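Visitor: I would like the entire structure built from these sequences, with the hints used as guidance.
Line by line, the protein sequences are chains A and B.
Per our numbering, residue 566 is the first one in the first sequence, and the count goes up by one each step.
Per our numbering, residue 566 is the first one in the second sequence, and the count goes up by one each step.
Please keep in mind that the hints were generated in silico from the structure rather than gathered at the bench.
Hints may contain errors.
As the list claims (entries may be wrong) - Here are some of the chain A residues that sit facing chain B, going by a computed Cβ distance under 7 Å: (1) Pro-750; (2) Arg-849; (3) Arg-868.
Remember, it's a predicted structure, so these values are computed and weren't measured experimentally.
A virtual CB, placed ideally from N, CA and C, is assigned to each residue, including glycine.
Protein chains: 2
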Amino acid sequence: MTYPNTHIILSQVQDALEKDNLTQAIQILQTLKPVDQAEVFEDLDNEDQVSLLPNLESDMSADILEYIEDEDAARLVAGIPEETAVRIINEMEPDEAADLLGDIQPQKAQSILAQLENPEEVRPLLIHPDESAGGLMTSEFLALRRRMTVNEALQAVRAWQPEKDQIYYLFVVDANSVLRGVISPRQLIIAEPTSLIMNIMDTDVISVKAGVDQEEVAELMLRYDLLALPVLDENNVLLGIITIDDVVDVVVEEATEDIQKFGGAQPLDEPYLLTKATSIFKKRISWLLLLFVTASLTGTVMRFFQNELQTVVALSVFIPLLIGTGGNAGSQTTSTIIRALAVGEMHVWDALKAIWHETQVGLLLGMAMAVVAYIRAVTWGSSPGLSITVSSSILLIVIWANLMGAVLPTLAQRLKIDPTVVSGPVMSTLVDATGLFIYFTIAKAVLGI
Amino acid sequence: MTYPNTHIILSQVQDALEKDNLTQAIQILQTLKPVDQAEVFEDLDNEDQVSLLPNLESDMSADILEYIEDEDAARLVAGIPEETAVRIINEMEPDEAADLLGDIQPQKAQSILAQLENPEEVRPLLIHPDESAGGLMTSEFLALRRRMTVNEALQAVRAWQPEKDQIYYLFVVDANSVLRGVISPRQLIIAEPTSLIMNIMDTDVISVKAGVDQEEVAELMLRYDLLALPVLDENNVLLGIITIDDVVDVVVEEATEDIQKFGGAQPLDEPYLLTKATSIFKKRISWLLLLFVTASLTGTVMRFFQNELQTVVALSVFIPLLIGTGGNAGSQTTSTIIRALAVGEMHVWDALKAIWHETQVGLLLGMAMAVVAYIRAVTWGSSPGLSITVSSSILLIVIWANLMGAVLPTLAQRLKIDPTVVSGPVMSTLVDATGLFIYFTIAKAVLGI
Chain A
566 MTYPNTHIIL SQVQDALEKD NLTQAIQILQ TLKPVDQAEV FEDLDNEDQV
616 SLLPNLESDM SADILEYIED EDAARLVAGI PEETAVRIIN EMEPDEAADL
666 LGDIQPQKAQ SILAQLENPE EVRPLLIHPD ESAGGLMTSE FLALRRRMTV
716 NEALQAVRAW QPEKDQIYYL FVVDANSVLR GVISPRQLII AEPTSLIMNI
766 MDTDVISVKA GVDQEEVAEL MLRYDLLALP VLDENNVLLG IITIDDVVDV
816 VVEEATEDIQ KFGGAQPLDE PYLLTKATSI FKKRISWLLL LFVTASLTGT
866 VMRFFQNELQ TVVALSVFIP LLIGTGGNAG SQTTSTIIRA LAVGEMHVWD
916 ALKAIWHETQ VGLLLGMAMA VVAYIRAVTW GSSPGLSITV SSSILLIVIW
966 ANLMGAVLPT LAQRLKIDPT VVSGPVMSTL VDATGLFIYF TIAKAVLGI
Chain B
566 MTYPNTHIIL SQVQDALEKD NLTQAIQILQ TLKPVDQAEV FEDLDNEDQV
616 SLLPNLESDM SADILEYIED EDAARLVAGI PEETAVRIIN EMEPDEAADL
666 LGDIQPQKAQ SILAQLENPE EVRPLLIHPD ESAGGLMTSE FLALRRRMTV
716 NEALQAVRAW QPEKDQIYYL FVVDANSVLR GVISPRQLII AEPTSLIMNI
766 MDTDVISVKA GVDQEEVAEL MLRYDLLALP VLDENNVLLG IITIDDVVDV
816 VVEEATEDIQ KFGGAQPLDE PYLLTKATSI FKKRISWLLL LFVTASLTGT
866 VMRFFQNELQ TVVALSVFIP LLIGTGGNAG SQTTSTIIRA LAVGEMHVWD
916 ALKAIWHETQ VGLLLGMAMA VVAYIRAVTW GSSPGLSITV SSSILLIVIW
966 ANLMGAVLPT LAQRLKIDPT VVSGPVMSTL VDATGLFIYF TIAKAVLGI
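Guide: Written out as structure tokens, the structure is:
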């Protein structure tokens, strides 16, 4: 299949709205799946959005609010009559409703909450931080009891009317709502109707406490291939479940953050094009300044060797080449190591293995680059002494950069600092100063200056 | 919950094996979940693995082979008696069995295949490339018929004995095996037993053709929150299904590749610590060489301005600072843009928006850095002229780097080249040469050299 062309559909909807033909606009949107409806809706201007939203079926409005950006949803809800907002939010999944209410003005949120059909499903979700298991979970789940028969459990499933059609697992609790077991829909279908749930349930349930970080939740669900993960309070009372679709979003989000941090910028909180230039500036300036201070070190090294530079000005021609290659080699290593640590291919205790690995790789890369650098120096007409200086410097710089690239992220992880702080820019800047020091020291020795 | 400490369990298993107490080793492994069993097993030495594997229950061996690295699994299967291999592979999910057989010596694979209980489930999976929808799918699915009643469908579910316990959706086909509809397990449970499947099924099914790339499969399943995606041949015959757990692995793998490529290295095919130093060397050397050639440009720029350098040697002190800052600003921008393109936050047609965005951000960052650089130059005792040169150069270099960081990945995407080729190292190297050109041109004008 191919995606619907939301660009074409967008202009059809806009045309219809321009002619004040609301019915036609709605009919066009109805041909789409919710996520595509949301994509078209998001590209309409604010006026059209506000006039359209209250006129859609409540569940369609709810779907759109769930799929568009959080802050756009909050802005829209603030702009429509409160009773319309209540009608729409009633159709949302509790976790999405809680996220939305958490983003709007607290008084208005309280007022809307009080008018919902099932405020008790949404209220407990408001207290958990967004990036914790509690913030990810939904309270919309069906809990079975141990002494139910399979037949009674099937009745319970039939009576249950969730916003979302999918059942992942059915969790079993005791009289105190403490989690006791789990069964899959398939087990329920194949079991004898008169069997007791406690006799067919699996009692070895993987679960998390509400305060656990979302990254750990994702790791757990991916490791054990879980479609849903129960969230418990301190007394093992079942509070809610986290479903795989929300966790996939977390995985994508964390990878985005890692790549942005690796590029040397703090991750953005919103999609790039929707983020204001001043916000992007704030996310980037601190790293640039910090790296500028570190890069001053490089300048200090050069001032220290100013006499040598004065004597052999040709030395300066190779500076960008040498520190560039060092920075690149370091960046290659550190990106590999950071990712290996992130996905668990490598652990802190593997540090020595990684160092040995990179010593070998650095030696191979360094020797290859030394040959190339020697040829480059000679073809630029450099003296034999200078050529040898450049060539042996690059060998040492590459080995050094590979070692730093392996050691620093692992050390950061060990110190419980996010290893992505050792980003590409950080590596380049560190290798700049130390690389120049290596270069000038060798130059002094070889050229006798 | 916390993970079991596989390090401690590993040494317990090793102890038991040293005392030739195979039963005890197996008992210890049995306390673990399959993925944890595999982690312990993978760290045993080859001799222990080969002696242990044939003595485990077949389904436990099958689970372990599914979870360990593909090449380790292939090596093990090559090392055990063929009849043992057949017994174990019989217990594997068909897609995993096909992946494994695809990795071992073709003659042996054919021989094992012929002895399997259900070779017809595995054989068709062997013909699809690993990274296509066909390569990701499993042939283990239950297809219902349109004229079945709900009761008959439930009977079919009860009679079906898959290796994997989870049912995601039930797909409905016609007499020619053409896909016609889908129903969820919940729909099956809540429907009247006498209803016909064709009356309760959803006919609007999202599907893919077998040849579609895995990246597109992942995008589709994530976009529409699907737990399973049917794979069809050219005639819409249902060939298999792709399940969400396999797609999550694809998402993680693609993010790893992006980060490695962004660091300027070709992605590794295997986990880092298992990859040989020479293989890592091969993955990195081509980029280093290419960047070296580009960096030679920087040297050429410096040779071009050698007279100016000779006249004002102090100019050289600021070179690493200037090109470093430019490279860092470019790397920040390009990492953000690449990821925005990858997750669909931004499209090629948004190029102008991105350019305008980065012009603003570059102006803000450039002005801030210009102030800092001016102070740095003055405190290093530089002449007013040199300080102004450095300060205005950094302003222009940062704006230029931000623009390049926005334009180049978008251009790559437009030309259907992977945007991650514009990695951090590529940005730094490009900005080095152009940045120096800006610097020396301003120096000539301001200092009159």
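Visitor: Sort out which numbered hints this structure fails and list those numbers smallest first.
Guide: none
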